[in-house]
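Student: If you read the protein sequences in the order shown, they are chains D and U. Quick note: the first sequence uses the working numbering, first residue 1, plus one each step. Quick note: the second sequence uses the working numbering, first residue 357, plus one each step.
For the record, the hints were derived by calculation from the structure and aren't laboratory data. These figures come from a predicted structure and were not determined experimentally. Errors might be hidden in some of the hints.
As the list claims (entries may be wrong) - Lysine to aspartate or glutamate pairs mimicking EDC-like chemistry, simulated, CA-CA at most 20 angstroms apart:
hint	chain 1	residue 1	chain 2	residue 2
1	D	265	U	600
2	D	217	U	601
3	D	225	U	475
4	D	21	U	580
5	D	217	U	595
6	D	217	U	587
7	U	618	D	199
8	U	654	D	49
9	U	654	D	128
10	D	265	U	608
11	U	618	D	207
12	D	225	U	587
13	D	217	U	590
14	D	225	U	583
15	U	530	D	199
16	D	217	U	600
17	D	165	U	659
18	U	561	D	5
19	U	654	D	48
20	U	540	U	600
21	D	225	U	590
22	U	654	D	282
23	U	540	D	193
24	D	225	U	406
25	D	217	U	551
26	D	240	U	406
27	U	618	D	193
28	U	654	D	120
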Amino acid sequence: MAAFEFRPDHVTQEMLDYAKKLGEGMDTLSKLGPIETGVTPRDAVYAEDKLVLYRYRHPDGGRPLNPVPVLIVYALVNRPYMTDLQENRSLVRGLLDAGLDVYLIDWGYPDYADRYLALDDYINGYIDRCVDTICRQHQRERINLLGICQGGTFSLCYAATHVRKVSNLVTMVTPVDFHTPDNMLSRWAQQIDVDLAVDAMGNVPGELLNWTFLTLKPFRLMTQKYVDTVDVLRDETAAKNFMRMEKWIFDSPDQAGEAFREFVKQFFQDNRLVNGTARVGDHAVKLDNLTMPVLNVYATEDHLVPPAASRALKDHVGTRDYTELAFRGGHIGIYVSGKAQKQVPPAIGAWLDDRT
Amino acid sequence: MTNTEHGQWWDQWLRNWQALAAPQRPANPWAAALDEWSRAFSPPTPTYADVFARMLAQGKSFFAFGDALGKSFEARDPAADAQSLFLGSLESLQRGLDTGAWPGAAAPGVSGLWQLPLEAWQQTASSLTRMPLDVMHGAGGGAPSLPWMQQQLEKMLTTPGLGYTREHQEQLQKLGSLMVAYQKAFNEYAGAYTEMGKQSVERVKARLQQREAAGEPPIDSTRELFDLWIDCSEEVYAEFVMSDDYVRLHGELTNALMALKKHERGMMDDALQAMHLPTRREMDTLLRRFQQTRRNEKSLLSELRALQTGHDQLRAQVTALQQRAAPGKTKKPKAKSKAKSKAKAEARSNNRR
Chain D
1 MAAFEFRPDH VTQEMLDYAK KLGEGMDTLS KLGPIETGVT PRDAVYAEDK
51 LVLYRYRHPD GGRPLNPVPV LIVYALVNRP YMTDLQENRS LVRGLLDAGL
101 DVYLIDWGYP DYADRYLALD DYINGYIDRC VDTICRQHQR ERINLLGICQ
151 GGTFSLCYAA THVRKVSNLV TMVTPVDFHT PDNMLSRWAQ QIDVDLAVDA
201 MGNVPGELLN WTFLTLKPFR LMTQKYVDTV DVLRDETAAK NFMRMEKWIF
251 DSPDQAGEAF REFVKQFFQD NRLVNGTARV GDHAVKLDNL TMPVLNVYAT
301 EDHLVPPAAS RALKDHVGTR DYTELAFRGG HIGIYVSGKA QKQVPPAIGA
351 WLDDRT
Chain U
357 MTNTEHGQWW DQWLRNWQAL AAPQRPANPW AAALDEWSRA FSPPTPTYAD
407 VFARMLAQGK SFFAFGDALG KSFEARDPAA DAQSLFLGSL ESLQRGLDTG
457 AWPGAAAPGV SGLWQLPLEA WQQTASSLTR MPLDVMHGAG GGAPSLPWMQ
507 QQLEKMLTTP GLGYTREHQE QLQKLGSLMV AYQKAFNEYA GAYTEMGKQS
557 VERVKARLQQ REAAGEPPID STRELFDLWI DCSEEVYAEF VMSDDYVRLH
607 GELTNALMAL KKHERGMMDD ALQAMHLPTR REMDTLLRRF QQTRRNEKSL
657 LSELRALQTG HDQLRAQVTA LQQRAAPGKT KKPKAKSKAK SKAKAEARSN
707 NRR
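All chains should be modelled from the sequences, with the hints used to inform the complete structure.
Tutor: And the structure:
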């Protein structure tokens, strides 16, 4: 049997059909209006520089069942509204439904005035003051911390150096061992002169990071995705979902130069988190200081943070209460897929309830 | 966009595509029609402009793929089957790649795919510098060879500067050298993409042969073939970009751009200084000092709070101890202190008068 059989009239018809769908899709898109993200009602409870700490309101106006608040620490490289993209795709909403009291740090958009913000400022400064604010508000000595992606690495550093302030630590799609053989980003970072890059640019433009992330899978992310999307764009809901995701993907804040320099050198290039030599300001970061219960959630198809990079945490924590949760999906799907909504937030809620 | 405008562009869209089904068609008709339409259409809001541009660009990519396939049917032996025609165009693409050039005209949808990451890089790199990054790009045809041009440029750029403006000459020479270095790094990087393109052609051919040998159902849509092409390209790419060669090329390209950018910034600062305007260097110094001052301030505040808490705790302990030791006397010092404060306040008030 031949590998393929084409007829010219079929090819023509296929092109016509595609053109029709593309036109209909563009028509739908042009009528959508502004794209809203970040849907769950929330209140700003603390602000400092460009950072805002939000507390989410419970949907029914009720009180959280779990008295220990959870602070979500998101990555610097994208905007945190990915955790609350839309009503039926919201990690935040899921955690609220699981009875948790949810806080989230929005880092804002650093500009040149933030060029000398270092990891010390982010971790021992901003995060610590957010934790203190929540502790004061709840009259507690410690809270639960939920770090996502790069925010997970920050949370590990924070929890390892402020052990008495963290009851339970949850990490989601968090890189720990940056030198696993399948870590594309880390491979690429090895021969980058990051000192030169930061000295040249000051802050690192979000556009450069976008290019880097897109080139992890360039043909799928720059081409096939758009060709495939045409099939569903006629539907307004699908078109809105697509636009929300597009908005998020290309909404990349610039990175404060010093923090970027330190992050790339210490973690991507020197893998200091697992070899025990990481430092944040005056604090030595030792993962075996993590004596609180740890839940490590990773995605089995993660192309940004390979599962092995996350799972390495198991061999380095000091706690015996270490749990892993594998989500069958990718780095983005873990926040937004329908399956994730059903699996991830309830599992986190139950795990925390068991330890409260 | 108003409803009438909506109706107009939608009508135009449909007319364009229906015309393509007519027997007299232009070269690359699908992609051309999309181009024509996109020129006439402007997105409803700037928010959508980028998304529309991306949708159209990738739609064009897909149409170019269909056009290439359509051409195979039109130009070749009508007796030949689609598979051998397609394989024929892959071989012609491969021959083109062997010469180091992307034979866009032979198979635009296919070769265009491999240029995307490079185009995206060029776009990103251009946004980072005011210098032209393609000083030797496109040299070919009757133009002298690229290595020759590089050699000549390098000779010129290493000639010692003379006279009163020597330092300025040297700065410009260094800028030129860095631009040449960047171009060399980019050419090598782009060369790797050409190599990956060739491998992806091989991979598609092998995959088609495997399908045939396994007796799998034949591919009968452009889309399926397009997806196969994407899969093969992604596989080849994923293998290559994890290699030491790619890591080196990626590092060299990025570092060359950053060296150029840093030098450019220095030159800009010199120009600003000459005009008595604040420079980036000065701004950096101030920002660094300011950030350190803020850190110190936060740290002092935090220590102060800790001391205050400690003090409050100690005071509470002292009060508790005093109460335990002499329950009746503990209020006296407080009353004393209140009386003292009152007297002090009165004295202050009198002084003000």
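Student: So, for every hint listed, does it hold in this structure?
Tutor: Checked hints:
{"no.": "1", "hint": "D/265 x U/600", "result": "19 angstroms, holds"}
{"no.": "2", "hint": "D/217 x U/601", "result": "18 angstroms, holds"}
{"no.": "3", "hint": "D/225 x U/475", "result": "18 angstroms, holds"}
{"no.": "4", "hint": "D/21 x U/580", "result": "17 angstroms, holds"}
{"no.": "5", "hint": "D/217 x U/595", "result": "12 angstroms, holds"}
{"no.": "6", "hint": "D/217 x U/587", "result": "10 angstroms, holds"}
{"no.": "7", "hint": "U/618 x D/199", "result": "7 angstroms, holds"}
{"no.": "8", "hint": "U/654 x D/49", "result": "13 angstroms, holds"}
{"no.": "9", "hint": "U/654 x D/128", "result": "11 angstroms, holds"}
{"no.": "10", "hint": "D/265 x U/608", "result": "17 angstroms, holds"}
{"no.": "11", "hint": "U/618 x D/207", "result": "18 angstroms, holds"}
{"no.": "12", "hint": "D/225 x U/587", "result": "12 angstroms, holds"}
{"no.": "13", "hint": "D/217 x U/590", "result": "7 angstroms, holds"}
{"no.": "14", "hint": "D/225 x U/583", "result": "11 angstroms, holds"}
{"no.": "15", "hint": "U/530 x D/199", "result": "18 angstroms, holds"}
{"no.": "16", "hint": "D/217 x U/600", "result": "18 angstroms, holds"}
{"no.": "17", "hint": "D/165 x U/659", "result": "17 angstroms, holds"}
{"no.": "18", "hint": "U/561 x D/5", "result": "15 angstroms, holds"}
{"no.": "19", "hint": "U/654 x D/48", "result": "12 angstroms, holds"}
{"no.": "20", "hint": "U/540 x U/600", "result": "19 angstroms, holds"}
{"no.": "21", "hint": "D/225 x U/590", "result": "13 angstroms, holds"}
{"no.": "22", "hint": "U/654 x D/282", "result": "14 angstroms, holds"}
{"no.": "23", "hint": "U/540 x D/193", "result": "18 angstroms, holds"}
{"no.": "24", "hint": "D/225 x U/406", "result": "15 angstroms, holds"}
{"no.": "25", "hint": "D/217 x U/551", "result": "17 angstroms, holds"}
{"no.": "26", "hint": "D/240 x U/406", "result": "15 angstroms, holds"}
{"no.": "27", "hint": "U/618 x D/193", "result": "12 angstroms, holds"}
{"no.": "28", "hint": "U/654 x D/120", "result": "12 angstroms, holds"}
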